[in-house]
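Protein chains: 4
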Amino acid sequence: MGRPDWLCKPPRDMQRAMLSAEQLAEIESLRSALAPTRRATVPALEDLLFRPLPVLDHGFIRVIDYMGDDAAIVQAARVSYGRGTRRVSEDAGLIRYLMRHRHSTPFEMCEIKYHVKLPIFVARQWIRHRTANVNEYSARYSILDREFYIPAPAQLAAQSASNRQGRGDVLEGAEAENVLAMLRDDAGRSHDHYLALLNEGETRDPNRQGLARELARMNLTLNTYTQWYWKSDLHNLLNFLSLRADPHAQYEIRAYAEAIAETVRAWVPAAYAAFADYRLGAVTLSAPMLAVLRRMLDGETVTQAGSGLSKREYGEMMAALGRPA
Amino acid sequence: MGRPDWLCKPPRDMQRAMLSAEQLAEIESLRSALAPTRRATVPALEDLLFRPLPVLDHGFIRVIDYMGDDAAIVQAARVSYGRGTRRVSEDAGLIRYLMRHRHSTPFEMCEIKYHVKLPIFVARQWIRHRTANVNEYSARYSILDREFYIPAPAQLAAQSASNRQGRGDVLEGAEAENVLAMLRDDAGRSHDHYLALLNEGETRDPNRQGLARELARMNLTLNTYTQWYWKSDLHNLLNFLSLRADPHAQYEIRAYAEAIAETVRAWVPAAYAAFADYRLGAVTLSAPMLAVLRRMLDGETVTQAGSGLSKREYGEMMAALGRPA
Amino acid sequence: MGRPDWLCKPPRDMQRAMLSAEQLAEIESLRSALAPTRRATVPALEDLLFRPLPVLDHGFIRVIDYMGDDAAIVQAARVSYGRGTRRVSEDAGLIRYLMRHRHSTPFEMCEIKYHVKLPIFVARQWIRHRTANVNEYSARYSILDREFYIPAPAQLAAQSASNRQGRGDVLEGAEAENVLAMLRDDAGRSHDHYLALLNEGETRDPNRQGLARELARMNLTLNTYTQWYWKSDLHNLLNFLSLRADPHAQYEIRAYAEAIAETVRAWVPAAYAAFADYRLGAVTLSAPMLAVLRRMLDGETVTQAGSGLSKREYGEMMAALGRPA
Amino acid sequence: MGRPDWLCKPPRDMQRAMLSAEQLAEIESLRSALAPTRRATVPALEDLLFRPLPVLDHGFIRVIDYMGDDAAIVQAARVSYGRGTRRVSEDAGLIRYLMRHRHSTPFEMCEIKYHVKLPIFVARQWIRHRTANVNEYSARYSILDREFYIPAPAQLAAQSASNRQGRGDVLEGAEAENVLAMLRDDAGRSHDHYLALLNEGETRDPNRQGLARELARMNLTLNTYTQWYWKSDLHNLLNFLSLRADPHAQYEIRAYAEAIAETVRAWVPAAYAAFADYRLGAVTLSAPMLAVLRRMLDGETVTQAGSGLSKREYGEMMAALGRPA
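Chains as they are written, first to last, in this note's numbering: chain A, 272 to 596; chain B, 272 to 596; chain C, 272 to 596; chain D, 272 to 596.
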């Protein structure tokens with residue numbers, strides 16, 4: 272997960288695609304206002320504050336607010352009166368210890384709030400993380416914009432043959448073109464009809480009453496964009512990342528998780544480094560796998576047949592150890 | 272909320288619309304199997320167990336399992352060794368006291384599990400109740416059936432003029448017909464194309480790879496039916512009902528809330544009666560409203576202008592008291 | 272709940288009782304450090320930041336960090352791109368509307384963190400509020416100070432005759448003195464023996480091993496002080512206040528709730544005012560009470576016997592309306 | 272964790288220590304009442320139902336109610352219409368897959384409720400598991416019995432020299448006797464004074480008012496027994512077990528976790544077996560540990576100095592692999 276340039280400064284034209292000139296001006300005006308505070312402050316995250324980081328074709332995440340920093344984790348773990356930092360290296364060591372031994376409560380002492388624009392089918396996966404606070408744009412009150420997610424060609428994949436929930440080969444040529452056209456047409460037509468059902472605004476037909484907003488929205492397709500404010504403590508945010516930045520997660524939500532991961536790295540660098548080592552890059556070996564590993568370390572060559580593991584588990588274990596299956 | 276006959280025994284043809292013959296046979300076979308248990312048992316809820324209660328045009332709720340009864344609430348409130356019941360009237364009195372004084376934890380001691388079939392836009396409202404357990408049918412693994420919610424004519428309403436999130440007059444004549452046709456066509460076409468994108472099964476075109484399930488689903492409209500297992504404790508279930516069985520809730524989710532309310536009434540009659548009196552039928556008066564009320568009780572005629580309340584609040588108060596605004 | 276002077280500036284000697292000179296110096300040094308931030312900032316709360324507000328004889332609360340302000344509630348309710356404030360009066364009106372209609376999610380967008388020192392028996396009530404984050408000082412790792420809560424004479428009350436969980440008359444004379452002496456002696460002796468069991472530090476007896484900390488702590492009495500970091504969103508904090516700042520709450524936890532209420536008033540004045548009107552000062556009338564009220568408003572004199580309410584409910588209703596029972 | 276005989280049938284005299292004859296008769300009467308149910312039923316757990324399983328010197332756990340079984344996990348994972356079981360072996364395989372890949376929601380579909388009697392200092396650790404439902408015996412309303420936890424001689428340990436939160440050598444001889452005497456005396460005296468402060472019952476002194484119950488309880492020591500009803504879903508119960516049945520957990524709460532583990536094994540044997548393999552007996556290797564392991568598997572001898580790991584991490588890794596450090 273290198274840090275691409277666009278994360279820090281989206282090119283002008285991408286910004287235009289996502290946000291109106293008025294919205295961008297409002298954001299820039301907020302960004303320029305500084306106030307003094309006694310609270311813990313993280314300059315690297317202040318730099319990112321309010322700025323939309325583009326995700327997918329029309330989506331983004333923006334950090335709206337935050338509370339705490341690496342030192343706040345240490346302060347809570349020690350229940351101390353000061354800010355907790357003795358020496359940076361000592362703090363990092365304690366944070367690594369807490370992460371390794373699953374001490375979750377000190378990480379709950381940091382909090383962050385995002386503004387996210389995302390397709391509805393991604394929102395449906397995301398909302399399953401229950402320990403968070405959400406305010407979503409309501410299509411009962413307001414009208415959704417004509418924006419839908421259409422996958423980039425590189426993401427247009429067939430069903431995986433081996434994995435019931437994964438993707439296989441990328442579609443090409445005419446098939447790819449037809450798929451994209453179908454997705455674009457259906458989403459567009461559904462949104463056009465949604466506006467026709469509403470019968471509001473300048474083009475309103477006075478001979479029709481129009482359908483209530485809470486009903487008309489049901490005509491939209493699941494790739495229509497919605498948006499929300501989403502707030503989480505750091506512990507639950509890391510749980511989100513460990514599930515959604517994982518290669519098994521669907522690409523579309525992973526793209527959001529990776530953008531969020533960049534902001535977490537800027538915010539709490541010591542906690543993020545510990546997370547990368549002890550969660551993202553870690554491997555859990557079951558009791559039967561551990562028994563096999565011990566035989567291997569004793570010099571024995573253990574085949575799948577002799578391992579007592581199922582083919583699937585044996586394959587997972589060898590992949591984790593970087594050895595041929 | 273009278274108890275319509277169909278809640279107990281859906282007519283044969285409604286059942287056919289919702290469930291295949293095979294599924295119905297599986298359900299009836301489950302229903303016929305009885306086992307002895309030492310646990311608290313509620314015969315009135317046993318009668319309803321597993322049976323689909325129809326909601327909307329293709330949806331249903333079914334009680335799958337439950338734990339506890341009215342006596343379990345009493346038992347927990349008293350932390351007693353026995354089953355808690357002394358006399359039914361005493362228990363009902365204690366339950367009323369607990370409900371009135373917002374003692375929520377004894378109601379958390381009862382648990383119920385439903386199988387629900389519902390349109391996706393209803394599922395998106397429902398899932399906002401975070402303190403529950405959910406397993407949803409996954410369109411990453413499986414293919415969604417060709418079933419969508421199309422409102423009954425009586426539910427086809429215009430936007431309310433007075434309430435930004437409500438419904439106004441029912442649409443009629445040609446406009447209603449056109450709306451229904453548009454909803455049906457768009458949902459049907461989107462699902463047809465969804466199947467075409469998938470390119471699976473008997474009609475598979477061997478010259479196309481087909482699109483991964485996790486991607487193809489984005490072409491579906493929000494009135495497509497999904498289903499899930501949903502489990503909640505009684506306290507949080509009553510919170511759900513107080514928000515979703517409320518006249519301000521959208522009709523479609525209210526229809527589910529009302530069917531659930533019937534099952535709660537069968538399950539814990541004393542708790543449900545207390546809930547009806549102290550929550551559903553109750554009114555909360557703010558401090559400024561209370562000041563107005565005291566003046567009224569002293570015989571004063573208080574106009575909106577003289578009340579110190581906003582027009583909106585004054586109107587809400589008079590409506591609650593059943594007096595002209 | 273007027274704002275006593277000591278909330279803002281504890282007298283020097285109270286501070287000395289609670290905190291060591293070293294701790295106070297550390298706090299003042301933190302307070303003097305200012306950093307620029309782009310985040311929402313509340314000067315009135317910045318003034319209180321880090322300062323211990325005394326509660327009971329040795330306890331305190333201190334605000335350690337916060338996120339959001341009144342405008343953040345509005346911003347989330349509108350899912351807007353800017354800071355949400357149009358005009359202060361408009362924002363206050365929206366906040367009142369949200370509070371009145373139980374829209375809880377916008378209030379979840381604000382977060383606050385406290386450092387609290389409190390007796391263990393109060394901590395046991397407090398921790399029942401589950402939707403919060405806590406890091407408590409651990410007596411498995413560290414040694415608890417010799418500090419216990421001894422009630423002030425005005426709080427030394429007999430059991431209430433009418434209320435099974437309340438307090439009655441204040442004890443006086445010799446009985447009061449004996450009670451205080453007994454509480455002081457038992458807590459003191461238990462702590463002395465706790466230190467003797469531990470057998471650590473300068474007075475260590477080299478002929479004894481000493482008992483493990485995790486065991487020795489069981490000898491302490493429930494009025495021993497502990498401390499923790501406690502973090503909550505505003506919605507759940509207001510739930511805490513509505514239950515714990517209530518006259519039915521035990522005095523000792525109410526003292527903490529009232530100190531917290533002062534900080535909330537400084538932090539989000541519009542939300543706090545709405546909370547005072549629609550929650551703290553509000554009254555909920557059940558359906559049967561409402562029926563009685565309507566008869567009263569029609570000029571009827573309704574006695575308890577004719578009301579259909581139990582004596583208890585009738586009394587509660589008349590008390591709420593400020594009328595003789 | 273073998274299954275000791277006493278778990279199934281506590282010897283008569285242990286029962287007498289925990290429960291009065293009246294309580295035991297009430298329990299046996301409940302146990303003898305059988306009702307027919309259509310719900311999933313687990314005979315092995317029915318056998319244990321209501322029976323107190325002794326823990327520590329005066330504590331116990333009792334299963335009061337349950338919902339679901341192994342098949343309910345499968346049913347939710349498949350969102351099926353039937354009871355989910357195809358073949359027992361297939362179900363077990365799916366459950367193992369779900370456990371290995373951290374699919375938590377299907378395990379949330381099972382629920383269990385316990386009645387627990389436990390020392391207050393254990394209750395304070397236990398309550399940190401927030402995703403559960405609790406009703407505790409209230410010392411504001413009622414009077415706590417004269418029962419305290421006094422460790423068995425084998426549990427009377429010194430502070431560990433190497434582990435800041437662990438236990439070291441067992442105390443012996445005069446020191447042990449003195450410790451036990453001190454614990455017994457202080458708890459006993461505090462409870463005697465608690466009763467004197469209350470001044471209730473037959474021995475009431477009419478010349479004293481007595482102290483309110485909510486105040487008098489503060490004189491009790493932390494090893495006094497309390498009790499509660501505690502209800503959890505299976506997913507969160509397994510989290511509880513993985514932390515509290517762990518060798519790093521304090522012995523006293525571990526004793527409760529082990530008794531609970533026995534009931535879980537009787538209730539959902541397939542889920543418990545998967546839990547034992549993939550959680551209890553599993554080892555998580557961090558990214559740096561994994562790098563070291565790969566070098567070892569390639570035949571290299573890796574010393575701590577050459578490993579890049581801290582001494583502590585290196586030691587933890589070698590212990591996990593069963594190799595000399």
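Check before you lean on any hint, since a few could be wrong.
Repeated chains share a single entry, so a pair holds when one copy, or any two copies, can fit it.
Taking lysine to any residue pairs in the SDA-like style, the calculated list, with each CA pair at most 25 Å apart, reads [claimed, not checked]: (1) K582 - A544; (2) K582 - H374; (3) K582 - L561; (4) K582 - E446; (5) K582 - M567; (6) K582 - E473; (7) K582 - D517; (8) K582 - L592; (9) K582 - A315; (10) K582 - N478; (11) K582 - Q294; (12) K582 - G364; (13) K582 - R373; (14) K582 - R565.
No wet-lab data here; the hints were simulated from the structure.
This one's a predicted model, so the numbers in the text were calculated from it and none came from an experiment.
For each hint, the structure was consulted:
| no. | hint | in the structure |
| --- | --- | --- |
| 1 | K582 - A544 | between (34 Å within a copy, 19 Å between copies) |
| 2 | K582 - H374 | between (34 Å within a copy, 20 Å between copies) |
| 3 | K582 - L561 | both (16 Å within a copy, 22 Å between copies) |
| 4 | K582 - E446 | neither (35 Å within a copy, 57 Å between copies) |
| 5 | K582 - M567 | both (17 Å within a copy, 24 Å between copies) |
| 6 | K582 - E473 | neither (64 Å within a copy, 31 Å between copies) |
| 7 | K582 - D517 | within (22 Å within a copy, 30 Å between copies) |
| 8 | K582 - L592 | both (15 Å within a copy, 23 Å between copies) |
| 9 | K582 - A315 | neither (47 Å within a copy, 33 Å between copies) |
| 10 | K582 - N478 | neither (67 Å within a copy, 32 Å between copies) |
| 11 | K582 - Q294 | neither (54 Å within a copy, 34 Å between copies) |
| 12 | K582 - G364 | between (39 Å within a copy, 12 Å between copies) |
| 13 | K582 - R373 | between (30 Å within a copy, 19 Å between copies) |
| 14 | K582 - R565 | both (19 Å within a copy, 21 Å between copies) |
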